[in-house]
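Engineer: One-letter residues, chain by chain:
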Amino acid sequence: MKDLINTLGLCSRILVLFFLPLVGFHSSFGQELNPLEGDPRAARVGGSIFRAQCATCHGADAMGIDSIDAPDLTQIFTRPGSSEQDVFQTIREGIPGSIMPPHAFPEAEIWMLVSYLRSVGVSGFTGQIQGDPDRGMFLFSENCETCHRMNGQGGSLGPNLSMIAAVRSEDAIINSIRDPSAIIGRQYKPVSVLAEGNVRFRGIIKSEDAFSIQVLGTNQVLRGFRKSTLQELVYEDQSVMTTFNESALNGRDLTDILSYLQSNL
Amino acid sequence: MMKQIKKRATLLLSLFCFFSANLSAQSGDGPTYEDILDGFNDPSRWLTYSGDYSGRRHSPLTQITPENADQLRSIWTFQSGTTTRGRGWETTPLLDDGVLYVTGSNNYAWAIDARTGRAFWEYRRNLPDDLTYGASAPVNRGFGMLGNQLFMVTLDAHLLSFDRRTGEVLWERELADYRVGYSATAAPLILDNKVIVGISGGEYQTRGFIDAFDPVSGERIWRFNTIPGPGEPGSESWPNDPQVLAQGGGGTWMNGSFDPDLNLIYWGVGNPNPDYYDETRPGDNLYTDSLVALDANTGELRWHYQFTPHDVNDWDSNHMPVLANIEWQGDQRRVVMVGNRNGFFYVLDRVTGEFLLGEPFTATTWAREIGEDGRPVVLNDGSLGCLPDPWGSTNFYPPTFVPGLDLFILTARETCATYVPEEPANTPGQSNFGGTVFIDSESGYGALRALDIHTGALEWEFRYPSPTFGGVMSTAAGLVFAGDHEGNFMAFDAESGENVWHYQTGSRIWGAAAITYMLDGLQYVMIPSGTTLTAFALRSP
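If you're matching them up, the sequences are chains H and G in order.
Residue 48 in the working numbering sits at position 48 of the first sequence; the count goes up by one each step and never skips.
Residue 574 in the working numbering sits at position 309 of the second sequence; the count goes up by one each step and never skips.
Hint data in this document are derived by calculation from the structure and do not stem from the laboratory.
Hints may be right or wrong, so weigh each one.
Distance windows between CB atoms, simulated [as the list claims (entries may be wrong)]: (1) H:GLU232 x G:GLU707: 21 to 27 Å; (2) G:PRO393 x H:SER123: 35 to 41 Å; (3) H:PRO71 x G:PRO393: 24 to 30 Å; (4) G:TRP436 x H:SER156: 58 to 64 Å; (5) G:LEU392 x H:THR242: 51 to 57 Å.
Okay, the calculated bits of chain G under chain H, using three or more residues with CB under 8 Å as the criterion [unchecked claim]: (6) 338-352; (7) 397-407; (8) 681-690; (9) 699-707; (10) 745-759.
Just so you know, even glycine gets a beta-carbon here, dropped at the ideal spot from N, CA and C.
Taking the hints into account, I'd like the entire structure generated from these sequences.
Structural biologist: This is the structure in structure tokens:
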């Protein structure tokens with residue numbers, strides 16, 4: 001294992017050396033576009049730099065570490081207005097008042113890091129969905145809208161899906177619909193409490209400490225509880241989202257819903 | 266007539282001198298070394314990081330008890346206006362004559378009226394734009410105080426002396442070149458005419474040290490290098506390569522404790538550099554991840570004990586060494602206790618360094634046990650997955666020792682991480698972790714744990730939802746004060762572990778532990794959290 005890692009490390013340094021003459025042709029790296037865009041070698045070397053310099057805080061998978069407020073960098077290009085130039089500047093200058101320091105890397109290496117983050121960034125649909133977006137919109141309003149928002153309309157229990165086709169693959173969305181409990185996101189962990197007066201409240205955990213828990217109920221009402229007042233507190237493993245099997249939404253239905261989600265971009 | 270005037274002038278002068286002298290006596294010349302030695306005997310003071318030299322953080326105060334702690338209320342809150350997103354306000358305030366002396370993140374500092382929470386003065390250091398390690402951990406853990414002088418280390422690796430009445434800098438000395446990767450964050454330890462400081466930057470091409478300075482002249486008295494030079498004792502635990510030794514790491518970024526009878530300083534040493542990649546540094550890599558006992562006069566090494574030989578997990582041993590005189594298997598022993606980042610609780614003889622006990626306090630799979638020779642019986646070097654993460658089973662935040670109960674109480678972190686080493690680039694001014702770590706973010710949790718010091722057995726625990734970085738303090742009333750990652754400042758019954766009070770501060774309590782003191786007949790408890798410093802008492806003054 002270590003031999004392989006050594007080889008990778010050696011390769012990455014060779015690739016950096018290989019790149020430097022190439023990037024020298026560019027008049028300036030202080031530009032808005034990544035001069036290494038589209039070159040898979042840049043992302044590969046950037047990955048090596050990332051693991052050596054960034055992974056301790058942002059995680060080896062670049063998905064962030066909550067306990068130190070290090071954000072999920074696979075989502076960095078999904079933020080409205082987020083550009084490669086912004087990411088370049090953040091790496092170079094750091095974030096004052098945080099533990100994100102400035103980095104005095106050569107500009108070429110910063111662009112390689114940007115290329116790497118672009119390569120591991122969440123990606124959306126891979127192709128044009130051949131479905132009926134109007135029928136998809138109808139099915140969405142019938143089955144999904146109670147909990148999910150699209151274009152400012154709909155419920156708030158589940159994630160806003162307005163831009164979902166840009167950040168999740170078709171397969172990921174289909175898997176979530178068919179088996180919502182397989183992977184439950186951090187902000188959607190299900191819980192059930194029995195509060196004073198035998199009142200049952202089920203929902204998703206928005207926040208929790210040793211003495212209290214903050215829940216968004218399946219009725220889409222926020223409720224906070226002191227744990228000492230609860231008769232029962234159950235951390236569930238079944239998502240609050242309904243499972244839609246073939247009889248509830250067939251293959252064509254899903255294609256049309258995906259088509260509607262894509263048409264919204 | 267002339268005689269009368271002269272007589273009156275003499276009287277006036279005498280009165281002036283009397284009042285001046287009296288004023289001087291009231292305002293004082295600040296604490297002496299003897300005052301710091303006196304520790305908790307004067308409860309209106311908190312003169313050194315742990316309250317006294319023992320590192321026990323155990324106050325004799327008893328006004329607040331397990332029975333009345335639920336009456337605690339906030340009296341005032343001070344807002345720092347500066348923050349360290351991702352870490353916390355890690356300082357321990359010092360208190361003398363009704364004034365708190367407090368350091369903050371980004372090298373801010375204040376003198377604060379302990380009665381009202383209002384600042385007398387604020388200091389802010391102009392830091393260079395190209396900070397190295399100091400930019401990634403812009404924290405500070407507190408002042409040292411002697412007479413009217415305060416001492417603080419900086420993120421660009423300097424030691425400053427202040428006039429405590431004005432915040433004016435009296436002198437400043439460079440500890441090391443920050444551009445290489447050095448920084449400084451620990452509270453100085455003040456001895457008799459010595460200011461002892463440590464250094465940060467073990468992830469860079471640095472060589473750790475502990476320095477002693479003259480408080481008046483600012484001249485350096487001695488330096489102990491935590492990584493030996495070529496041919497020096499300990500160098501046999503490294504490859505015969507001066508460059509490797511010169512960059513061996515071994516930061517000293519948490520201050521230590523002191524035994525005045527033995528005249529020994531006890532100080533923890535950090536990780537070897539690079540952290541995870543070890544092909545360039547075969548051997549035990551002394552004195553990384555060790556506790557060193559140094560002669561306070563000369564800085565000479567008396568003994569050392571290495572907790573994690575040849576560390577590949579970034580398990581710095583920068584912990585507060587806790588000193589106690591206890592009965593040990595029928596004999597009286599002077600011991601030092603450490604809850605270590607590697608997941609083991611240790612008891613050592615502090616006269617000789619003899620290993621007495623090493624027992625796990627978390628579910629670590631790293632070692633089965635510590636052998637009779639004091640070395641760990643390593644089961645999992647990291648290749649088998651799921652070890653304590655790089656922040657460890659505990660960290661630098663202070664534990665406490667409760668003498669009557671013989672309990673060592675610390676904040677434990679249960680985490681699961683897999684380490685993948687990779688050869689680093691080794692560039693000056695850039696961090697050198699040498700690999701990556703995969704952390705299972707779903708499975709971790711924290712806990713306040715009370716250990717029997719004779720066996721290491723878990724007597725009680727209180728669990729937190731996430732791995733926690735809060736420190737611990739105890740009092741003779743049988744109370745333990747602790748903070749957690751969710752922002753709760755809490756009081757527990759030391760004997761049973763029952764939670765008797767909590768207060769949501771609004772930000773994680775990270776790296777800090779409480780202090781307590783008497784002021785105008787009231788016992789206060791104080792904790793920094795986020796940007797706030799809050800004083801609590803049983804009633805308003």
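Engineer: Work down the list of hints and note, for each, if the structure agrees.
Structural biologist: Hint check results:
At about 23 Å, the CB distance of GLU232 (chain H) to GLU707 (chain G) agrees with the hint of 21 to 27 Å. Judged by the Cβ atoms, the range 35 to 41 Å given for PRO393 (chain G) and SER123 (chain H) holds: they are separated by roughly 40 Å. Range check, PRO71 (chain H) to PRO393 (chain G): about 26 Å between beta-carbon atoms, so the 24 to 30 Å window is met. Restraint check, TRP436 (chain G) to SER156 (chain H): a C-beta distance of roughly 59 Å satisfies the suggested window 58 to 64 Å.
For LEU392 (chain G) paired with THR242 (chain H), a C-beta distance near 54 Å keeps the hint of 51 to 57 Å intact. For a cut-off of 8 Å, the count of residues in the segment 338-352 of chain G with a CB near a CB of chain H stands at 6, and the three-residue condition holds. Coverage of the segment 397-407 of chain G by chain H holds. Counting CB-CB distances below 8 Å, 5 residues qualify, and the rule asks for three or more. Here the segment 681-690 of chain G counts 6 residues with a CB under 8 Å from a CB of chain H, which clears the bar of 3, and the coverage holds.
Coverage of the segment 699-707 of chain G by chain H holds. Counting CB-CB distances below 8 Å, 7 residues qualify, and the rule asks for three or more. Interface restraint, the segment 745-759 of chain G with chain H: holds (6 residues with C-beta to C-beta distance below 8 Å; minimum three).
Checked against the numbered hints above, the structure breaks none of them.
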